[in-house]
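Enquirer: If you read the sequences in order, they're chains F and R.
Numbering-wise (the UniProt record's numbering), the first sequence opens with residue 1 and increments by one.
Numbering-wise (the UniProt record's numbering), the second sequence opens with residue 1 and increments by one.
Fair warning: there could be bad hints in the mix.
No copy labels: a pair is met if it fits in one copy or bridges any two.
Said to hold, decoys possible - Listed next, the in silico BS3-like pairs over lysine-lysine satisfying Cα-Cα at most 30 Å (straight line):
| hint | residue 1 | residue 2 |
| --- | --- | --- |
| 1 | Lys-238 | Lys-283 |
| 2 | Lys-40 | Lys-339 |
| 3 | Lys-283 | Lys-365 |
| 4 | Lys-151 | Lys-40 |
| 5 | Lys-323 | Lys-275 |
| 6 | Lys-151 | Lys-238 |
| 7 | Lys-93 | Lys-363 |
| 8 | Lys-182 | Lys-93 |
| 9 | Lys-182 | Lys-209 |
| 10 | Lys-182 | Lys-40 |
Think of the hints as simulated: they come from the structure by calculation, not from any bench.
Number of protein chains: 2
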Amino acid sequence: MTKLFKISLIAAACGLTVQTVAAPISIEQQGSFAVGGTVKTSEGVYNPEPDVVKDKDSNNFMDVFTASVQAGGQTLHGDHATVFYQIPTDARKNPLVFLHGAGQSMRTWQTTPDGREGFQNIFLRRRFPVYLIDQPRRGQSGRSTVDANVKAVPDDQFWFAQFRIGSYPDFAEGVAFPRDPKSLNQFFRQMTPNVGAFDANIISDSLDKLFDRIGSGILVTHSQGGIVGWLAGMKNEKINAIVAYEPGNFPFPEGEVPPTLKSRFGDVVPMSVPKAEFEKLTKRPIVIYFGDFIPDHLDGTQSGEQWYIRLQLAKQWAETVNKHSGDVTLVELPKAGIKSNTHFPFSDLNNLEVAEHLQEWLKAKGLDQ
Amino acid sequence: MTKLFKISLIAAACGLTVQTVAAPISIEQQGSFAVGGTVKTSEGVYNPEPDVVKDKDSNNFMDVFTASVQAGGQTLHGDHATVFYQIPTDARKNPLVFLHGAGQSMRTWQTTPDGREGFQNIFLRRRFPVYLIDQPRRGQSGRSTVDANVKAVPDDQFWFAQFRIGSYPDFAEGVAFPRDPKSLNQFFRQMTPNVGAFDANIISDSLDKLFDRIGSGILVTHSQGGIVGWLAGMKNEKINAIVAYEPGNFPFPEGEVPPTLKSRFGDVVPMSVPKAEFEKLTKRPIVIYFGDFIPDHLDGTQSGEQWYIRLQLAKQWAETVNKHSGDVTLVELPKAGIKSNTHFPFSDLNNLEVAEHLQEWLKAKGLDQ
């Protein structure tokens, strides 16, 4: 048991929050950078004195800007990932690189909706270097090489169901999610849209470049980020291990792709990749986590059907990889004694237990050095 | 002289980067949260089982999503700011709250384009609590209550000029900006677009809420964020002081508004506010910084004309506030012996000198307690 975990148990026993008793975190180095991406260049010749402004009595800055970009010959640096990293004192060898899921940013891994510490702080306290990502075309990486039409469509209730918090306005019974309005407000405000189409290839390219820059490490993905993680793992051998929280899809080798999994709330078509690519995912340990409130049949609810079929697919994939001499551990948290989790186990009320399970797995695989 | 400043001078003398010799930073607390914003609700009644899915052989997840949001009765939590904060051990009383400028996010204040420490780390080392903001509709606060049409228009060269780095591809002579291609690549990739129209009122509302939450502190703005800072200062008395790096506009009291400042590259129309509102800005110390390469006349270049008129306006505003018993210090960095700065003094090659000047000002105003 780590020191923080002990402290947190004491804190819980005393009815205190973790923050009030936690020791300071000693940060050896922290910073941010962009990685990956491309450069888009407009036709024409850059004109530092666009014509529009020459004969007007009144000049609008935006008119000048428009004239400047219309003259062309300019570049746009886009489609990169943005990374914020912290390296604690006396750090372990393997950093943890965290990639968010759909509609999220690096906020996923920071403070929880009810103000407790997320995996960022939890694993810094456990002396892991922590790298947080805003994937290309999301959050601070909003500079995209393609146009984006972002609609301000109210959809919180859809995601409340999809993320297995409950069926709005009802919380799932006993769910490990805070029930006060302030926390739900914070949770909804973690969301941030795509600026340009989601592109798993572009995102995994940026992860490839990231691991080339930082060296070996462990990739931790969530949900939509799962497929990005599998692609990145096929691109870069420096990814020592992959940890996937409720990944949405999986790459099967050609010829071994299972049939489409059907549900009333959206089917899942398993991904197909060349066998040689698939084999690369058999060369490193992988752990996949699923939370609670996942039924064992198609139950007619959005959350139940969506996660029933994705868990089924995860089981098929784990079996396939392991049949090819891979090393996939599939953890259904309730079966491991960790109950009541939503689609966001790493920020749920019991996220210290969830973190502890991950650290034990890393230790078992010799990855906590 | 602070300890880090001394270390950095030794480092410079030895040809080392600051990072290699800097001591760890002890972080008492760090985390993130959303603040401010509104809730938009769609008409209709939330339907957890949208009809579209009932009679189809094949169900597409996005069709289900569309049917769900079309049924209505859902919410969108948007227009909030996202805040990442760090409180160092033995912290000073007044936190520094940093707001970026146009096209930027909290990345502005983090690692510099050439990998040195930005104001985030520099002021943490000087024991100030540091709050970094992604303003509403920017970066991690991309969830907007209005639609956004984001065009992927190449415009790097326009901003290279506007930010006084030079006239692309030429760097201004002696400019305190790194000249290697990797640094310029990083600089361009700091940019991230608006997701929904820029709205200084919404942004200053979120700052108002932030200071209500964290208590008294110092607001530091950049460029487009300048006007937001003046508005926030009129809304919240807990803003003890305002530090503005090259603000783009200023609020004058009705009846004392100077004429429009004209230039070939865009005019500036001074902002007008009721006198009672203006008076609030006379109740706290304010420092305004401008960098180098600003001519003393309209010189026919984009950067020269734009910043000549804005500096002129800054001088007029400082005079107006001080005439009303206010306390504005206008610092033209070259006249203070700090030369060669772009529009981003806080990340330029000499940003430790720029930080030192700010800390001396804070000390002089009794704000470094």
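Enquirer: Give me the numbers of the hints this structure contradicts, sorted from smallest to largest.
Expert: 2, 6
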